[in-house]
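In case you want the letters, here they are:
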Amino acid sequence: MIEIKGLAKKFVVENVKKLSEQEKQDPRLKGRFFHSVEDVSFHCEQGQVLGLLGPNGAGKTTTLRMLSTAIKPTAGSVSINGVDILAEPLVARRKIGFLSGSTGLYGRLTGRENIEYFGRLHGVSEAELKQRINELADLLDMHSFLDRRSESFSTGMKQKTSIARAVIHQPEVVILDEPTTGLDIMATQTVLDFIRRLKTQGTPVIFSTHHLDEVDELCDKVTVIDKGRTCFDGSLLDFKGLSSGSMHESFLTTIKGAE
Amino acid sequence: MWLVFKKELLELLRDRKTLFFMIALPLLLFPLIFGAFGFFASKAVKEAETKVLKYAIVGGEYAKGLSDSLAAASDKFELVEVGADADFKQLIRDESIDFALKVPSNYDQPLLEGGQATLVLVLNDAGLNMVQSRVKELVDSQVENKRRQAFDALALNDFQQTGLLKPVVIEKEDVADSRENWGEKIGGFLPYILFLLCLQGAMYPATDMGAGEKERGTLETLLISPTERHKLVLGKFLTIAFAGVTCALMTILSMAVWGIVLSQGMAIKVVGEFMSAISALDFVLMFLMLAPIAAIFAALLLSLSIYARSFKEAQSYMGSLIMVAILPIVMAMMPGVDLKGGWAWVPITNVALAIKELIKGTMDYVSLFAIFGSTVMIAGALIAFCVYWFNQEKVLFR
Chain X
1 MIEIKGLAKK FVVENVKKLS EQEKQDPRLK GRFFHSVEDV SFHCEQGQVL
51 GLLGPNGAGK TTTLRMLSTA IKPTAGSVSI NGVDILAEPL VARRKIGFLS
101 GSTGLYGRLT GRENIEYFGR LHGVSEAELK QRINELADLL DMHSFLDRRS
151 ESFSTGMKQK TSIARAVIHQ PEVVILDEPT TGLDIMATQT VLDFIRRLKT
201 QGTPVIFSTH HLDEVDELCD KVTVIDKGRT CFDGSLLDFK GLSSGSMHES
251 FLTTIKGAE
Chain A
1 MWLVFKKELL ELLRDRKTLF FMIALPLLLF PLIFGAFGFF ASKAVKEAET
51 KVLKYAIVGG EYAKGLSDSL AAASDKFELV EVGADADFKQ LIRDESIDFA
101 LKVPSNYDQP LLEGGQATLV LVLNDAGLNM VQSRVKELVD SQVENKRRQA
151 FDALALNDFQ QTGLLKPVVI EKEDVADSRE NWGEKIGGFL PYILFLLCLQ
201 GAMYPATDMG AGEKERGTLE TLLISPTERH KLVLGKFLTI AFAGVTCALM
251 TILSMAVWGI VLSQGMAIKV VGEFMSAISA LDFVLMFLML APIAAIFAAL
301 LLSLSIYARS FKEAQSYMGS LIMVAILPIV MAMMPGVDLK GGWAWVPITN
351 VALAIKELIK GTMDYVSLFA IFGSTVMIAG ALIAFCVYWF NQEKVLFR
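If you're matching them up, the sequences are chains X and A in order.
Position 18 (the first sequence) corresponds to 18 in UniProt numbering; numbering is contiguous.
Position 278 (the second sequence) corresponds to 278 in UniProt numbering; numbering is contiguous.
By construction, these hints were calculated from the structure, which means they are not laboratory data.
In this text, all values refer to a predicted model and were calculated from it rather than measured experimentally.
A hint or two may mislead.
In the EDC-like style, the derived pairs of lysine to aspartate or glutamate whose C-alpha atoms are separated by at most 20 Å in a straight line are [unchecked claim]: (1) A:Lys6 / X:Glu126; (2) A:Lys394 / X:Glu14; (3) X:Lys5 / X:Asp84; (4) A:Lys17 / X:Glu151; (5) X:Lys72 / A:Glu228; (6) X:Lys10 / A:Glu393; (7) X:Lys240 / X:Glu217.
Next comes chain X alone, as it looks inside the complex:
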């Protein structure tokens, strides 16, 4: 399981004058610092899928980047199955699989080479690597294009390769940052099927999205972030219970409640 407590992140603002009017009025701007994330807490158990919701600029991506150890939080703690990822980022990275909607591939490498490269960086042995890629190619139906250069891939092929790349080291937690943004219907379906599969395997998944139907379809838990703070953290049923059944209304209620 993964547990996040009191996570916060502030960025230095180089030049306050350059910010837009809207950004200047954001209560998170305090002096020279912009407190992108102020207080985010949630946890996700084994086999659960957690949907991270929030308006644009709420701090979702920053939160997920902190979970993936790409950036260091200013305060708070993150632990995966008891390992503090802030104290031991290298150990933690082996436990995390990360994928975002804007993730790319090395165009001049084949699909297989892309996956192999990250597998090796994660310390997967050659024999295991071969076997894992075979399994994943079966699972995601990738055999037809696996050995072609990825620059010629369609969006769907790219997304399948990215998925395989993200889970090649059999992570204990999978984090997805808007994984379906910008994808066509088929590619989106690939991602959703993949999340479902992880769920049946018992791997916790945290993903941020703007599509409430995806949340309704897949999630056990919902966390809503607004202006860098958790304003809802509970089960999908509780979230739906906030209004008379409409997910959109529930979402708006949590945001309003925060204000």
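The hints should help you fit chain A onto chain X, whose structure is shown.
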């Protein structure tokens, strides 16, 4: 680290554009340029030598011998009759004649009576032509005659004649051997191309490995792989430096090989002698000097590249870097700049100067150590900065 290096190299090798600039261009372009230059130059010279020159002559009656020998060489000169008051400038511009001769009245008089004669040669001397040398060839025999006449009239013996013609002769004894001579000539130029090619060759892969990763969205995934940041940086850094050195060496090698091939015959001996005068140790030292320079460039390029938000931004930063880098290199080519003064302390310039000294064979090996050491230290500091830079969130997620 080697994992990153291997992958980056594989990616680089698969990129036709880079390969073209790194390998094909120096291998094919230089011989092509040299070959074409040599071909057209020799063709032009031959044409100037064999072309039939049209001429006009004023006062031809004062120079019987000259007029006759001009008329006799009809395969080389062709007389054009013009009026006494003709405008030679206009005629030459119209290409009616190639040159005109104005003969003074004292031309055929014995030297002791007539004194010095001034033969005026009117021509358009811009561009390649051999008019003067070809006319001189004819005039020379008459000059010889005039001298002999004068000497006979004065009754001078051979000993006196030689002395009179050249009262004092300066004989030069050059203590510089041919290596030092040639070294001075090409020694300044070699580091210049070496360094620039190194920078050029490293530039594209550097852009690709920093800004390129950001643009393609692969950087974030790479950063969260369980590999220490310095290993990622070193892997990338090595690839860039390797590409730079390869590009520089390929070009030099191709220039050397094609230079020898094209300058067959007499020149090959000179080149061969020159090359064999430089010891293998000097070659190794030159390469060793290039390595920290490549490292400095690679670290700078990688830092710039990772700071840039996009490929385009990275390229504009690197354009400015070339302008900055070219300065110390050009400094080393300036006359009067050598390792003796304060120039030994200017980074990059000192290495260029040291390479020049190595080629000349006049290197003081003790100061070589100092230069090498300080350059390695600068390179090390820049690599350390690069690693630090790669750990900055504000750089990676701009």
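Checked hints:
1. A:Lys6 / X:Glu126: 16 Å, holds
2. A:Lys394 / X:Glu14: 10 Å, holds
3. X:Lys5 / X:Asp84: 11 Å, holds
4. A:Lys17 / X:Glu151: Distance ~15 Å between Lys17 of chain A and Glu151 of chain X Cα, so the pair holds.
5. X:Lys72 / A:Glu228: The hint holds at about 15 Å.
6. X:Lys10 / A:Glu393: Roughly 11 Å between the alpha carbons, so the hint for Lys10 of chain X and Glu393 of chain A holds.
7. X:Lys240 / X:Glu217: It holds: about 12 Å lies between the C-alpha atoms, which stays within 20 Å.
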